[in-house]
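From first to last, the protein sequence lines stand for chains U and S.
For the first sequence, my numbering gives the first residue as 267, with consecutive numbering after it.
For the second sequence, my numbering gives the first residue as 12, with consecutive numbering after it.
Treat the hints with care, since some could be wrong.
Claimed, not checked - Chain U side only, calculated, beta carbon under 10 Å to chain S, not exhaustive:
no.: 1; residue: Gly382
no.: 2; residue: Pro384
no.: 3; residue: Arg675
no.: 4; residue: Glu692
no.: 5; residue: Leu802
Claimed, not checked - These stretches of chain S come out as covered by chain U in the derived footprint (C-beta under 8 Å, 3 or more residues):
no.: 6; region: 20-27
no.: 7; region: 198-209
To be verified - Here are some chain U residues the structure puts well away from chain S; computed CB gaps all over 10 Å:
no.: 8; residue: Phe516
no.: 9; residue: Asp698
no.: 10; residue: Glu739
no.: 11; residue: Asp742
In case anyone wonders, no lab produced these hints; they're calculated from the structure.
We put the beta carbon where it would ideally sit given N, CA and C, even for glycine.
Below are the chains, spelled out letter by letter.
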Amino acid sequence: MKNRRMAALAATILAGSLVLTACASESGEDPTTSGTGSSGPTTGIVTVNGNEPQNPLIPTMTNETGGGKIVDQLFAGLVRYDAEGAVHNEVAESIETEDNQTFTITLEDGWTFSDGTPVTAQSFVDAWNYGALLSNAQPNSYFFESIEGFSYDEDSELTGLEVVDESTFTVTLKQPESDFPLRLGYTAFSPLPASAFEDMKAFGENPVGNGPYMLDGEGAWVHNVEAKLVPNPEYKGDRVPQNGGVTVRFYDNEDAAYADLLSGALDIIDNIPASSFATFEQELGDRATNQPAAVIQVLTVPEYLPQFEGEAGNLRRQAISMAINREEITEAIFNGTRTPAKDFTSPTIDGWSDSIPGNEVLTYDAEKAKDLWAQAEAIEPWGDQTLTISSNADSDHQAWIDAVANSIRNVLGIEAEFEPYPQFSEFLDARDNEAITGVFRSGWQADYPALNNFLAPIYFTGAGSNDGGYSSEEFDSLVTQANGAESIEDANALLQQAQEVLFQDLPGIPLWYQNVTGGHADTVENVEFSWNSLPLLYQVTKSE
Amino acid sequence: MLRYVGRRVLQVIPVFLGATLLIYTMVFALPGDPVAALGGERGLPEAVQAQIREQYNLDEPFLVQYLLYLKGIFTFDFGVTFSGRDVFDVIKEAFPVTIRLAFMALAFEAIFGVLLGLIAGLRKGKLFDGTVLVLSTMIIAVPTFVIGFVMQFFIGVKLGWLPTTAGSDPGFMNLLMPAIVLGAVSLAYVLRLTRTSVAENLSADYVRTATAKGLSRGRVVVVHVLRNSLIPVVTFLGADLGALMGGAIVTEGIFNISGVGGLLFRSIQQGESATVVSLTTVLVLVYIVANLIVDLLYAALDPRIRYA
Numbered sequence: 267m268k269n270r271r272m273a274a275l276a277a278t279i280l281a282g283s284l285v286l287t288a289c290a291s292e293s294g295e296d297p298t299t300s301g302t303g304s305s306g307p308t309t310g311i312v313t314v315n316g317n318e319p320q321n322p323l324i325p326t327m328t329n330e331t332g333g334g335k336i337v338d339q340l341f342a343g344l345v346r347y348d349a350e351g352a353v354h355n356e357v358a359e360s361i362e363t364e365d366n367q368t369f370t371i372t373l374e375d376g377w378t379f380s381d382g383t384p385v386t387a388q389s390f391v392d393a394w395n396y397g398a399l400l401s402n403a404q405p406n407s408y409f410f411e412s413i414e415g416f417s418y419d420e421d422s423e424l425t426g427l428e429v430v431d432e433s434t435f436t437v438t439l440k441q442p443e444s445d446f447p448l449r450l451g452y453t454a455f456s457p458l459p460a461s462a463f464e465d466m467k468a469f470g471e472n473p474v475g476n477g478p479y480m481l482d483g484e485g486a487w488v489h490n491v492e493a494k495l496v497p498n499p500e501y502k503g504d505r506v507p508q509n510g511g512v513t514v515r516f517y518d519n520e521d522a523a524y525a526d527l528l529s530g531a532l533d534i535i536d537n538i539p540a541s542s543f544a545t546f547e548q549e550l551g552d553r554a555t556n557q558p559a560a561v562i563q564v565l566t567v568p569e570y571l572p573q574f575e576g577e578a579g580n581l582r583r584q585a586i587s588m589a590i591n592r593e594e595i596t597e598a599i600f601n602g603t604r605t606p607a608k609d610f611t612s613p614t615i616d617g618w619s620d621s622i623p624g625n626e627v628l629t630y631d632a633e634k635a636k637d638l639w640a641q642a643e644a645i646e647p648w649g650d651q652t653l654t655i656s657s658n659a660d661s662d663h664q665a666w667i668d669a670v671a672n673s674i675r676n677v678l679g680i681e682a683e684f685e686p687y688p689q690f691s692e693f694l695d696a697r698d699n700e701a702i703t704g705v706f707r708s709g710w711q712a713d714y715p716a717l718n719n720f721l722a723p724i725y726f727t728g729a730g731s732n733d734g735g736y737s738s739e740e741f742d743s744l745v746t747q748a749n750g751a752e753s754i755e756d757a758n759a760l761l762q763q764a765q766e767v768l769f770q771d772l773p774g775i776p777l778w779y780q781n782v783t784g785g786h787a788d789t790v791e792n793v794e795f796s797w798n799s800l801p802l803l804y805q806v807t808k809s810e
Numbered sequence: 012m013l014r015y016v017g018r019r020v021l022q023v024i025p026v027f028l029g030a031t032l033l034i035y036t037m038v039f040a041l042p043g044d045p046v047a048a049l050g051g052e053r054g055l056p057e058a059v060q061a062q063i064r065e066q067y068n069l070d071e072p073f074l075v076q077y078l079l080y081l082k083g084i085f086t087f088d089f090g091v092t093f094s095g096r097d098v099f100d101v102i103k104e105a106f107p108v109t110i111r112l113a114f115m116a117l118a119f120e121a122i123f124g125v126l127l128g129l130i131a132g133l134r135k136g137k138l139f140d141g142t143v144l145v146l147s148t149m150i151i152a153v154p155t156f157v158i159g160f161v162m163q164f165f166i167g168v169k170l171g172w173l174p175t176t177a178g179s180d181p182g183f184m185n186l187l188m189p190a191i192v193l194g195a196v197s198l199a200y201v202l203r204l205t206r207t208s209v210a211e212n213l214s215a216d217y218v219r220t221a222t223a224k225g226l227s228r229g230r231v232v233v234v235h236v237l238r239n240s241l242i243p244v245v246t247f248l249g250a251d252l253g254a255l256m257g258g259a260i261v262t263e264g265i266f267n268i269s270g271v272g273g274l275l276f277r278s279i280q281q282g283e284s285a286t287v288v289s290l291t292t293v294l295v296l297v298y299i300v301a302n303l304i305v306d307l308l309y310a311a312l313d314p315r316i317r318y319a
């Protein structure tokens, strides 16, 4: 009998200690973030969906949307982009150049970080040098690769950066690049206060910036839960917050975010889950957003595949492209949340055109496709090969790839099928080791609103994301010319010619532009989505 | 008794070593290069990838990596995630809400499961029993995410009775719906186990004896029938606690709870061996402790069981 009591007692103690441990750690991480009092009395806190940032909130480390959404609010760069992607000076007073290679940048007076220290030329030069240094292993280091002194082989200073005085510095590039000023609005080019370099790790948890918002004190970033932002009283630019603050709530699952939006627990969502594509415009009415964004999906045709070489290969590329019924697939699979592609860039970008010569290969034409395929067969028979379309399967790709494969199979009468890789990293492995034996999916989201951001990084010989291994002298020379062009208009004209080359060679087959699909609750107003698929948070109004 | 507990606790050591080695091997064997995937569609420059690999010892051979990890553990350094955070902190943040959720689900399934199972067992073959059996079959047959989404939509979105998701600081009300969803399937099992066990024990000799002694029906049912019927139920609940903690991925996703399940899923996807191994090891420990409690409870429930 005694033994039994003890057993029960021991069990209770063990169970109790489990609960106690639970309580202890619970109180240990209680997020004590009381407001700083900077929220206006008539404006409420706007909640928006987000994801846990994958990196510390350091501008040169943030290369994904979860962190990007927050860092974008915390920092102000030399220039900023408006909803249409047009460039306006923000911290910069002027950016001047005569040869597109050396730029003289003058800062506007009076900018300070939220800790009160001034934003100087040195703040930019130090930040850029930090971001570029090899041993710092910053994911965004490639943004600085065109600045003189940049190296992937050893630690080296950006010798192309020179501080002239407190508010002026010059940038010298390795070669002329006319769209360099357009890039400067990307967060990687943000300035950092001197305090950042003392302890970058601590800074990444609780960054001090010069943007419209700042973190609401220590611990405002509750990991995996939310980040609380309040207006930065020191902010001096045009993105003046019209609300009492923004709370970015992290969701692993968009369905949960959408349910929260419907029940009024969330104000803005910028990514409608696929399960609600068919219904969200009906459910939200005029509070729904569905417009093309700076994201394009392409089927890349690797250059190392012999069956796509030469004239026969070129005919096959065209035939496959014309065999894909983009209109029908974007409607049936995506419920109109994708827009059939007309070029290799995106309609949200200045200079976009839907009438580039050669883009008729993007129009579905079964007869023409059969004809082209027959011509290719006459040169070299395809045999009983299966055309594979490769992608990672850990994201929603199966449905549309099956649809594309069906479309090709029905029109051309060849076998076509999805070749899934269970994880994204496996897919990358296969892609980088040229182990993929068919075409593969490539997605591209622009970092800054410029045509060239869709072209040079992907199709220039040897470029970082040229995964298909495409190389064309004609294309390269047009892009190089565009880089040295006098004006953006001239550059864009040259880039459109470069796209004509792409339409002839079809190193990739453009499929569609991904739309930004979002919505907001009736609690907020003035919600507008920007060219980069994100809501312009500063202008959202919400009464308490 | 104490010696028994001590022996069981010592068993943790080989289990710990075996579990970490096994899981570390499995994470290592995962195909794909986690560092390459850090850059997303665009990818990171080769040089940056090499730097990161060096930082995380990913360029070392497997055994060296594992020993470095073990060495870290003994100095209470569980390593860092790819986002540069201490694995220990990450795990510490994920557990409180998971523990709260798991215990709420456990309480829900234990209380209602045993209660309904007892009534059904006592009225075997009657209308109540039949209804409960059909309902529990349905709950087992319907996948958790269906129950989750349906409840979220009707109770959360349409009726607004309970919060749709757990929110930033989940309290009892926030976790009520997730706990019910999470515990629903187990509830069905607990109910069926209790029912069968009660129905069987009702015709046992000692029950007849107890009734013959003139004990009240209530006392016979609670002290003699139910108590002896609980042994299979307690076994199930003990094993279920671990499953509720590590296996709540679906429920956590639906209700946006930043707990252990989701963390484990993300870490496996990103190939973060330090987080996966540490987290799984903690879960293994939870299983061991839960099973120890169950074994000790046997003795409390059944007078014939003794530990020495």
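Hint check:
no.: 1; hint: Gly382; verdict: violated (27 Å)
no.: 2; hint: Pro384; verdict: violated (29 Å)
no.: 3; hint: Arg675; verdict: violated (27 Å)
no.: 4; hint: Glu692; verdict: holds (4 Å)
no.: 5; hint: Leu802; verdict: violated (23 Å)
no.: 6; hint: 20-27; verdict: violated (count 0)
no.: 7; hint: 198-209; verdict: violated (count 0)
no.: 8; hint: Phe516; verdict: violated (7 Å)
no.: 9; hint: Asp698; verdict: violated (7 Å)
no.: 10; hint: Glu739; verdict: holds (25 Å)
no.: 11; hint: Asp742; verdict: holds (20 Å)
Hint compliance for this structure: hints 1, 2, 3, 5, 6, 7, 8 and 9 are broken, all remaining hints hold.
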